[in-house]
Structure formats: structure tokens, C-alpha cells
Amino acid sequence: MASEKTRKETIGAVRRSFAPWTDPTKTPLIRFENVVKRFGDFTAINDVSLDIYEREFFALLGPSGCGKTTLMRMLAGFDEPTTGRVTLAGQDLAGVPPYRRPVNMMFQSYALFPHMNVADNIAFGLKQDKMPKADIDARVEEMLKLVKLTPFAKRKPHQLSGGQRQRVALARSLAKRPKVLLLDEPLGALDKKLREETQFELMDLQMELGMTFLIVTHDQEEAMTVADRIAVMNNGVLVQVATPAEIYEQPATRYVADFIGDVNLIACKVRSCQGDQAVLVTPITSSPIHVTQQVEAATGDEAWVAIRPEKLRITLDQPPDITENCFEGTIWDIGYLGDLSIYHVELPCGTRIKVSQPNLSRMVQRPISWDDKVWVTFAPHAGVVLTR
Amino acid sequence: MRRGLTWFNVSSIALGFAFLYIPILLLVIYSFNDSRLVTVWGGFSTRWYWALLENEQLLDAAWVTLRVAFVSACVATVLGTMAALALTRYGRFFGRTLFSGMIYAPLVMPEVITGLSLLLLFVAVDFDRGFWTVTLAHITFTMCFVAVVVQSRLVTFDTTLVEAALDLGSPPLKTFFTITLPLILPAVISGFMLAFTLSLDDLVIASFTTGPGATTLPMRIYSQVRLGVTPEINAVCTILIAIVTVVVIAASIVTKRAESQRQAEERAAMKG
Chain Z
1 MASEKTRKET
11 IGAVRRSFAP
21 WTDPTKTPLI
31 RFENVVKRFG
41 DFTAINDVSL
51 DIYEREFFAL
61 LGPSGCGKTT
71 LMRMLAGFDE
81 PTTGRVTLAG
91 QDLAGVPPYR
101 RPVNMMFQSY
111 ALFPHMNVAD
121 NIAFGLKQDK
131 MPKADIDARV
141 EEMLKLVKLT
151 PFAKRKPHQL
161 SGGQRQRVAL
171 ARSLAKRPKV
181 LLLDEPLGAL
191 DKKLREETQF
201 ELMDLQMELG
211 MTFLIVTHDQ
221 EEAMTVADRI
231 AVMNNGVLVQ
241 VATPAEIYEQ
251 PATRYVADFI
261 GDVNLIACKV
271 RSCQGDQAVL
281 VTPITSSPIH
291 VTQQVEAATG
301 DEAWVAIRPE
311 KLRITLDQPP
321 DITENCFEGT
331 IWDIGYLGDL
341 SIYHVELPCG
351 TRIKVSQPNL
361 SRMVQRPISW
371 DDKVWVTFAP
381 HAGVVLTR
Chain W
1 MRRGLTWFNV
11 SSIALGFAFL
21 YIPILLLVIY
31 SFNDSRLVTV
41 WGGFSTRWYW
51 ALLENEQLLD
61 AAWVTLRVAF
71 VSACVATVLG
81 TMAALALTRY
91 GRFFGRTLFS
101 GMIYAPLVMP
111 EVITGLSLLL
121 LFVAVDFDRG
131 FWTVTLAHIT
141 FTMCFVAVVV
151 QSRLVTFDTT
161 LVEAALDLGS
171 PPLKTFFTIT
181 LPLILPAVIS
191 GFMLAFTLSL
201 DDLVIASFTT
211 GPGATTLPMR
221 IYSQVRLGVT
231 PEINAVCTIL
241 IAIVTVVVIA
251 ASIVTKRAES
261 QRQAEERAAM
271 KG
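Chains as they are written, first to last, in the numbering used here: chain Z, 1 to 388; chain W, 1 to 272.
Isolated chain Z (complex conformation) (with noise of 0.2 Å):
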């Protein structure tokens, strides 16, 4: 118990101060230099720049075919460039083929070889470094140790389960002692629970190993989970580079506010905007929305207002104070998932908005229902103003 609370401290020693994005003095261990590649008249990836610092578990997101896995794929040379450049560790990786470069990969698939056994697939990169046999040995071991599969190393991977042939993977992807791991969906074939244990599982393994890992997703939450840093990207260009908090609470455009969780989108026009406080107004309630943020706009500029659903409040009687942000609707639909409840509130004008509510006690005296007359209301600092 004592060891697992040292433990816990420091992950959260090294979690809370890690942050070598901020600091100028420190220098990228990947950089991607204006990279754009181009298959025929199609463009995968439009001039990205992007760097990765060691030791950071770092997130690509998007949507499928948003030119993620091209960015993977580029690094581990399986692609090349059309323009723009690639350098690992300060090395430009132009033309250095897939077996000479000090990354490697775990596949969507898996990819274990078929007629190899678990040890022998482990093996299979260490036997091309030319390594003693006594050292590939004790290498093997000590990587089954670390999946927790010693007892499977003369299994064939058709004999094993998803989840043992995941770790198998992982194993042989890790077996080299790489520079950066790249993982492509790698937990996109398990079932959700599985997934969530072995997420953190990641996170554990690489703050162990000390290595940096970059994993292709288009799960938001396991992005969310894992990630130091996530980029999100769409059409082949990075729509924003950010933590996972910042992405969530701050989104940089519509796109990610939509993209990453749940989340009302109302079009607003700027009535003020004064230091950190700005005013806007919307057609669908009577009352202006009122944002505690600094917004670039002047008055009468289209914007929106992102609000999370769980940072709305929802009440049968009538709030005290009613001239802000404040609507009022009936209950469409009630969505219960047992921890929270989400409820989708039509609004007079016939926009419906989504809320959702903790659950707090078991039982409620006057639980709300459908049809129910509702008032929703914000606090300013829970809605975010966007201009693009």
C-alpha cells in the first residue's frame, strides 16, 4: 500500500511539471518542417508543422482519412515527404528506408507473424541488430515479463486472445528500446473495457520506459486519456495543438469544439466586448449570453458560444436572476446512462439544446420529465466564444 501511494506521488510529480512545450530552451526530438505529401491529385497532408519533445505521449486525432496515419507513416518511412522535412533526434530522415530508422511501429493489425511463435515474433527485431543470442534471450524475457506473458512465449499468435495478441504487439514493438513508439490504433480491435485498462496500462509502460510515444486515434476519450499533447487534425492540416484540458475548454475552432465531446454551438453577433468581458446576442432567447473571455471581434461580428452540456444547470422553477444567460424550453428527451442524465431541451423557437446533469442522490422528490416546462441556465465563465 505504502509503495503504490510513492508511486502515485510520482506520476503526479512528473505529470504536473512536465511541459518541455513551453520552454523555449528545449529542443524537439521530432520536427515535422512544412510537410505536405500529396498521392496524385489528392492532398493527404497540407503543410504541417509540428514538434514532439522526448519523453512526451503525444496524440494525432482526427477523423479517419485526415491524413493521421500518413503523418505516422512518414515518420516511420513507409512514406516519404513531398515537400517539407522530417528529422528524428536532429537527423533529416529523407530517404533513410524503414529498416534503418531507430522507430517502431504497432500496427492497427498487429501484424505478428503468422508462423512464428510469441518469443520468435519478440525476437524477430533484435535478431536484425546482429545482438548475442544470450542478450536477445534475456531481452525476450524480460519484455514477456512486462506484458505479463511469460507463460505464452511457444504459443503461435492464432492460439491467443485480442487482448494477449495486442500485448504480443506491444512487445515486439517495444523490444528494440526504440527512440519513439509509434502506435497506430492500437487498442481499436478490444472491447471497451479492455481498451480503458489497458490505456492506462500505456501510460504507465511509457513513463516507466521513459520513452516518447506517438499514437494515431480517432477516439477522443482514449486520446484524451493517454495523451500529453494532442493534435487535432482535419483535411490534412492541424487544426489545433494543444492538452487535452486546453483542447476541451478552450477549443480553437468549431471543429474541435464539435469534434472532441459533446457540446451546443450557438450563433451569436457581438454586442460588446470590454476587457474580458463580452456580450453577445442570439436570436433563439430573449436573453444576451454574457463570456468572461478576452474576444478579437467588434460589435456586430458573427461569433459562437460553445457550452458543454454538463456546464449547464436546469431547474423547474424560474432562476432568480434572468436577464443573462438564460433559456427557456420544455423537455424533449430524457437520455438516463445511470451516472448522468442528458437531457435535450427544445427551446420556443424549436433549436434544441443538450444538458446533462449528474445524477446525485437516488431518489429525487420531483424528478424531471417529459414535456416538463425547464429553465437552463450558465455561469459566464462556462461558455467559450469562438470566431472561427
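For the record, the hints were derived by calculation from the structure and aren't laboratory data. A couple of the hints might just be wrong.
[Unchecked claim] Okay, the calculated beta carbon distance ranges per label pair: (1) Z:Tyr336 with W:Pro172: 32 to 42 Å; (2) W:Val125 with Z:Pro97: 37 to 47 Å; (3) Z:Lys154 with W:Phe70: 32 to 42 Å; (4) Z:Gly162 with W:Glu111: 50 to 60 Å; (5) W:Phe70 with Z:Thr87: 53 to 63 Å; (6) Z:Asp41 with W:Leu107: 28 to 38 Å; (7) W:Thr159 with Z:Met363: 39 to 49 Å.
[Unchecked claim] Not everything, but these chain Z residues come out facing chain W in the computed CB check (under 7 Å): (8) Gly40; (9) Phe42; (10) Tyr99.
Values in this document were obtained by computation on a predicted structure and should not be read as measured data. From the three backbone atoms N, C-alpha and C, an ideal C-beta is built for every residue, glycine too.
Add chain W to chain Z, keeping to what the hints say.
Positioned in the frame of chain Z, the structure of chain W alone reads:
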């Protein structure tokens, strides 16, 4: 719907098999005939098989045939596998459609035309006809069969396995021998066996391209039959049938087993 054996099914199967196998069965039975006259049954005997051992001409022809079949099957397997790899692996290169169409052409080309064109080529370049011209001709026409067999396996081959090997530091050529080849080996072996049997029983192309001292067994049999069928010929044919049957069955077992194992693995992978 009834799925059992109705009289109609049974009789059509019986008729079909009779049509296919009665001539062959007759040949096999008469090879054990004691009588010198082919059509008169004179009791069971294996004397014609022993007589074969003294028939130098037939034995020579058999030896030539086996050598041609082996050498041409080996070369055709290598070339056919390379062609199949090029066609499936390297995406859409210039002229790919033309090339893949051309690899199938010999499958449907009349043998007489293949034989004649090869003969013209050998004459044109002044190549002395004999063992090597027959072998070259057989490589030419069996190569496409190997390519087809190997290509059908490569279509379902997971290319990320190759990428994984490269990623782990294995250069391309080494990756071919450690990853690709072991996995497609069943298809390569059955391609080899197919090429071997095709070469073994080819008459038309061999007769066009052969020269003095390189008479293959089918050619020898054909020329002897024109002088009259002897029980010895029946015995040779029976042996030939036995060899072809064994090779074909072996090839299909190899492919079948590899295929069912692969399917089992894929099922397991899906389940996981």
C-alpha cells in the same frame, strides 16, 4: 428441398465418372495382361513392367522427360513467383494491366501456336534444338500457371506483415525469405507441382521444339502407338498416370491444409 442422393444424382455421377475413367481403367487393366495382343485378355501378369526395364528407348525417354520436367518446373516456379509478386505487390506501375493480361495469355493460347512460335524463335537465333530448347519451351508455358497460383495466394496476403518486418530492421530481400516466402510456400509448392505435371505430359510443344537425342516420353509413346499399341505402352502409361495422380493429390493436400489452417487463424483473429 431434398438434399439426399436421388436416383438421378447417383446415375449422373456414375455416368460422369464412367465417361471419364473407363478408358483409363481399361488401360490400367490391360497393362497387367499376360497376352501379347492388347485386346485379348490372357491372364494377370506383370511381365510388361519387367519388359520395360529392358526397353532402352523408353527408359531414355522417361529420363529425359523427368529431367526436363524438374528443371523447367524449378525455373518456372522462380520466374512465376517473381511475376506474381510484381503484379500484386508494387501497386499500379506503368503497363501493369497489359503485363497482367499478357501473363495469362499462354493459358489460353493454342499449344500448336506456342510450339510453332518457339520453334521459329530457336531457328531464328540458331539455337541447337535438344534438351535445352524443350526445357526453355516448357518454362515459357508453365510459368504462367505458377504465376496464377501464387498470385491468388498473394491477393489475400497481409502486406502489413512485410511493413512490420521492415520496421523491425529487416531489409527487403531478407524480409522476403523470412516472412513472405514461408507464408506463401504452400502456393509456391503447388505451383511447382502443377508445372512439373504439365511438363511431364506435354506432347505438342515438345515435338515442335525438340531435336535429336531429346525425345520425351509422350513423344516416344505417340510414335510407337502409330506402329501399333503394345502392352508395354500400357504399362508405361499406367506408371505415368500413377506419378501424375500422386503429384496432383499431394499438391491439392498441401494447398488445402495450408488454406484451412490460414482460415482457422483468420477466424481466431476475427474472434479476438
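(request) Verify the interface restraint on tyrosine 99 of chain Z: the C-beta must sit less than 7 Å from at least one C-beta of chain W. (result) Holds, about 5 Å.
(request) Grab the minimum C-beta distance from phenylalanine 42 of chain Z to chain W and call the hint holds if it beats 7 Å, violated otherwise. (result) violated (14 Å)
(request) Please verify that hint: glycine 40 of chain Z, Cβ, nearest Cβ of chain W, below 7 Å or not. (result) violated (10 Å)
(message) Quick check: does the Cβ-Cβ distance between threonine 159 of chain W and methionine 363 of chain Z fall within 39 to 49 Å?
(response) Roughly 58 Å apart at Cβ, these two residues miss the hinted range, so it is violated.
(request) Using the Cβ atoms, figure out if glycine 162 of chain Z sits within 50 to 60 Å of glutamate 111 of chain W. (result) The hinted range 50 to 60 Å holds for glycine 162 of chain Z and glutamate 111 of chain W, with Cβ atoms some 51 Å apart.
(request) Mind checking the hinted window 37 to 47 Å against the Cβ distance between valine 125 of chain W and proline 97 of chain Z? (result) holds (41 Å)
(request) Take a look at whether the Cβ-Cβ distance between aspartate 41 of chain Z and leucine 107 of chain W falls inside 28 to 38 Å. (result) About 37 Å separates the Cβ atoms of aspartate 41 of chain Z and leucine 107 of chain W, which means 28 to 38 Å holds.
(message) Between the beta carbons of tyrosine 336 of chain Z and proline 172 of chain W, is the distance compatible with 32 to 42 Å?
(response) Given a distance of about 57 Å, which is not inside 32 to 42 Å, the answer is violated.
(request) Hint says 53 to 63 Å; check whether the CB-CB distance for phenylalanine 70 of chain W and threonine 87 of chain Z agrees. (result) holds (54 Å)
(request) Could you tell me whether the CB distance from lysine 154 of chain Z to phenylalanine 70 of chain W stays inside 32 to 42 Å? (result) Holds, since lysine 154 of chain Z and phenylalanine 70 of chain W (Cβ atoms, about 38 Å apart) stay within the stated range.
Comparing the model with each numbered hint stated earlier shows that hints 1, 7, 8, 9 do not hold.
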